[in-house]
Each structure stands twice: as structure tokens, then as C-alpha cells.
Amino acid sequence: MIAYIMCFILFLVGFYGLITRRNLVKIAVSLSIMEISTFLFFTLIGYIDGGVAPIVDPADPVKIYVDPLPQALVLTAIVIGLATTAMLMAVIIRLYRKYGTFDIREINNLRG
Amino acid sequence: MNPLIPLFVVIPLAGAFLIMIIGRFIEEFNKYFTSLILLFMTCLSFYFLFTTGEKIFLYKVGGWEPINSVPIGIYMVMDGFTVIVVCIINLIGFLSAFYSISYIKRYTAGNYFYALFCLMIGGMNGVVLSGDLFNIFVFLEISVISSYALVAFGVESNELEASFKYQILGGLASFLILFGIGFIYWKTKTLNIADIKAAFGSGYNKTSYLFIQILILSGFGLKAAIIPFHAWLPDAHSSAPSPISAMLSGIFIKAVGIYVIIRLFFNMFMISEGMAILITTLGTVSMVIGVFLAIGQWDIKRLLAYHSISQMGYVVMSVGIGMILLSRGAKPEIASLAIAGGLFHLVNHAAFKGLLFLNAGAIEYTIGTRNLKEMGGLAKSMPVTSATSFIASMSISGVPPFNGFFSKLIIIIAAVMAKFYLLAVLAIIVSIITLASFLKFQRFAFYNKSDNNKNQNIREVPFPMVFSMIVLSIICILLSLLVIPEIRDAILTPAINVLTDPAKYSTSILVQ
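Same order as they appear, the protein sequences are chains A and B.
Quick note on this note's numbering: the first sequence kicks off at 1 and runs consecutively.
Quick note on this note's numbering: the second sequence kicks off at 1001 and runs consecutively.
Since the hints were made in silico from the structure, they are not lab data.
It is possible that some hints are incorrect.
What the hints assert, rightly or not - Taking lysine-lysine pairs in the BS3-like style, the calculated list, with each CA pair at most 25 Å apart, reads:
hint : chain 1 : residue 1 : chain 2 : residue 2
1    : B       : K1165     : A       : K98
2    : B       : K1373     : B       : K1440
3    : A       : K63       : B       : K1189
Here the structure is a predicted model, which is why all the values come from computation and not from measurement.
With these hints in hand, go ahead and build the complete structure from the sequences.
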């Protein structure tokens, strides 16, 4: 249970950073922290106390295996997260070239 | 097993790959190739529209058969509701791609544009066809990441800023959705939508169930830009290139937002009255606030983007009324009528909002501005744009011979019959304000006398743009035929039956 609570705290840390930071790169980092907490939560779901990796060994059939599906899903989600972060960083670099600043308060052309 | 279903995903993905490779060597390859594959997929989707009916087609990816009737592979499902959305995705996609043949001259890097365009279409088709929750997430990310890139395609300061906002909120939405999917997997140990329905049917924990519903609703609500989550939409949709705006506003928010909400809340979760009331309230709020935000805008594309929020509000409200009635178990025929109105309006909105964004693109293409105050007197020099945008404006504001009138009429009749008088009155008022704001658009863009003489030598836009706009305006008129009972029974009724009878969806998938 404590692991789930830590994972939720990590999510909230990321969310806090997303709301309060003013620097574009720090916002991107906060988003990554949220992302990591979601992945952690996903892997925790498949975890079983005392379980081993799900490789069937005919010599010892009574092992407890962890659920392999969440691990496969998290691998997919990590790749997607990588693409999202790369895209975000590319846009941040372009924004810096246009505005000459990372401060989100000075990037406010669009409103209304 | 229907082997034609995965073509909707495979063809655009392969197309994006081929465009990046062959497009380097052959100039102009990208333009005609994209239009060609999208034309093929439009024909394929119409073939499915006329053959699906009440049937549910299934494709098991990799041929994994269920073991002890527990599905273990990824399922792709084609039913009456899916096929309507697939049709509008590919049709509007084809017309936007054809329109871009001329429009893309404003930009460099045509290969990237068309490759991202194909990826977005493939992702949306995947979301709509998928019968598996995690697969929905993967395809959603494919289409959403390519739409981030397409919004920033102009790489000017406004486009980049809009794309940044969109990415932050879109990223937040993705993690909420992933969190929700994780919770569902934790509680049910399955990811297949039909199987989740069966697992929830045999008992669940009320608190975590509500938490999952809220996570899923807020995640997909962010993608669909329902009012408390709408902040990114006007920026992103107005900054993108115009054919992409037509795609984003016309079909993207429906395919990855509204469609998934409707599908999951009807076919996966038990319909509960509290959730139904929440959805109806969100829809009503976005319908009313969206139109008030829209009427003060002077930038054409921002005005149209805010109207998208408002019109999506109609769809969500109407479907929500249907959910409330279904959860009470009373008057199923009025519930069907409300859902029919919502789906009808969803299809109509794709046609007229796509057309309006293409018109806005044509205006921007010729006179180089989006500000209504700098336009005027375009009706003489651009007759086709003027006529088609008149049809679209009248459709969206619900003036009788056009399609928007009939769908709004059905929604209002359903609201009155369900005794939600306040919602009916609000729907009428919002419709009138919509008419006012589109009369403003018409007057300032096309009829007002312009002060300066620089508009003298404006000519009509090139043929591909004209063609797309004319086809869409014909579709706007033809769609009003859906109100005729025979045609409605053939197209809309199967979709409504899938939604109103949730047991049918899950059992018929698990049995096959």
C-alpha cells in the first residue's frame, strides 16, 4: 500500500510543478514526473509479493509469477512518453529562438 | 473475422512511410498519393456503411482466438456507430487532403505535412475501430502527437505557443487516461471493452468505479474540449493550417473525444444517473458558454473554433439526455430519439464545420488576413467561397432547408418530450446567437463595402480548393435527407441500437 501512496505523491509533485513553475523546461520536467508516476503505478499493479519473472520452468512448476501484461504495456507507454517529450522539447527550443526567453509570462500573444 | 477492417489503419501508416521515402525522389508524389489513398479509404468506408447494418464485424489481430471465452488478443470492432464515424473521418480527410494540394504552397516541407496528415488519419481510424482499451490509448497518442506537430507547422511565434499549450494539456489528458486504464486493469484484469463490461457486471467496488469514471471522463473531456477543459482549443485550431483546422475541428475532437466518451459510457460502464446528469450538465455549459465566447471574436478561425465547443455541447447534451432516460429505465423511445439527434448533429457538424474552416482558409489564401475588420466585399470576387460559406453558415445556425436545422430540431423535440424544458429553451437561444454571429461573419467578410481598393484584383481560389468546398456544401444539403425515416433506419438506427442495448455489444463480441 505504501508504494501506491508514494506513487500518488509523485503524481501530485508533478502536478504541483506543472501549475506553479514559470519556466518552459521546468514545466516539461514536471510533465515527465507525472508520466513516470503513472508508469510506476502501472507496474505496481502487476507486482505480486514473492513473484518471479514469468518464464515457465518445467522443473519447478509451483512458482508464483508476476503479471507480465502491465510490464509490456508500460514499455509501450514509455516509448510514447519519449515521443511526447521529444516533441515538447523541440517546440520549447523553437519558442526560445522566437522569444529569447523561457519565461511563460512573456509568451502571451494568444488570448481571448 | 473480416479481413478488410485493419486496412483502415494499415493503409495510412504505410502511406506515411512511403511518402517520406519516395517523396524525396519524386516531386508532387506526396500530394496525389495522399488524396488517392484517402479516396480509396472513403470508398471502403462507404462500402462498410451500406453492408454493416445491425451486424458487428470483428477482426482479431494476430489471429489470437479466445481461450475459455476469455479474449486474449487485440480486437478491432466495426459496428453501426463505428462505421458512421469512420465514414466522416475518411471523407473529410480526403477533401482536406485534396484541398491542401493548392493550399500547401504557402508552406515548405510538403512531405512532412502529408506524412503527418496520414499518421493522424491512421491514428483516428485506430481509435475508432479499436475494441481494446490500451489500443485506444496507443492510437490516440499516434494521432495526437502528429496533431501537435501539425498545429506548430507554421513555426511562427503564435503557432508554437498554441502547440505548447496544446501539448501540456494534451499530455495531462493522456496521463489521466492512462491512469484510468491502469485502474480498470487493476480491478478487472482485462483490457477488452466487451470483457470489462462483463467483469463489471459481476459486481464492483462503488468508490473505485466512480473514480475510474471521473478519470476517463476528464481525460477524454480534455481531448474533446468540453467547457472546463477547453482552454487549448481556440488557440490550437486557429493556429493550424486551414485544412488541418478543418480536420481538428471537424473530426479530431469527435473521433478521439466524443466518440470514445459515448462508446465507453454506453458500452463499457453501467449507465448511472449521476454520471448521466454530470455529462448533460457539462454539455449544456459548453453549449452556452462556447457561443458567448464566440460572438465577440474578430479572427475568423477563432470564431469558428469557439463555435466548435458550442456545437459539441449540443451533441454531448443530447446524448446525456438519452443517458438520463436510459438510467431511469423509462421511455426508451425518447432516449433513442435524443441519441439520434446527438449522432445526427455530430455528422452534420463534421460537414459544415469542415466547410467553414476550408472557407476561412480560402479567404486567408487570397487576401492574407484572418481579421474580419480588414475584409469586405468578397462576394463579387470570390463567388464560390461566398456561396458555400453561406450554405455552411445557414447550416450551423439551423436555418430550415439545411442539415443543421433538422438535427437541432430533433434535439429540441427530444428535450421537450423528456420534460427538460430549460435545456430546450437554452438550445433555441444558443441557436439564435449562433445565427447572429454567423450573420456578422457573412456581412463583414462578403457583403460589407471595403474602404480600400486593394481588393479589386482578387480572384477565386484554384480548382482543388473550389472542388472540396463545393463537394462539402453538397454534402451539407444531402445530409438533411437523413431525417427521412427510411434512410435514418438504414444508417442511424443501427448505431442507436448498439448504444442503447449494451448487453448486445458485449455478448456478441465475446461469442464470436
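Going down the list of hints, with the structure as the test:
1. Simply put, K1165/B and K98/A have alpha-carbon atoms about 16 Å apart, close enough for the 25 Å limit, and the pair holds.
2. Proximity of K1373/B to K1440/B is assessed by CA-CA distance (about 11 Å); at most 25 Å being required, the pair is judged to hold.
3. At roughly 20 Å between alpha-carbon atoms, K63/A and K1189/B fall within 25 Å of each other, so this suggested pair holds.
Going down the numbered hints, you'll see the structure goes against none, and every one checks out.
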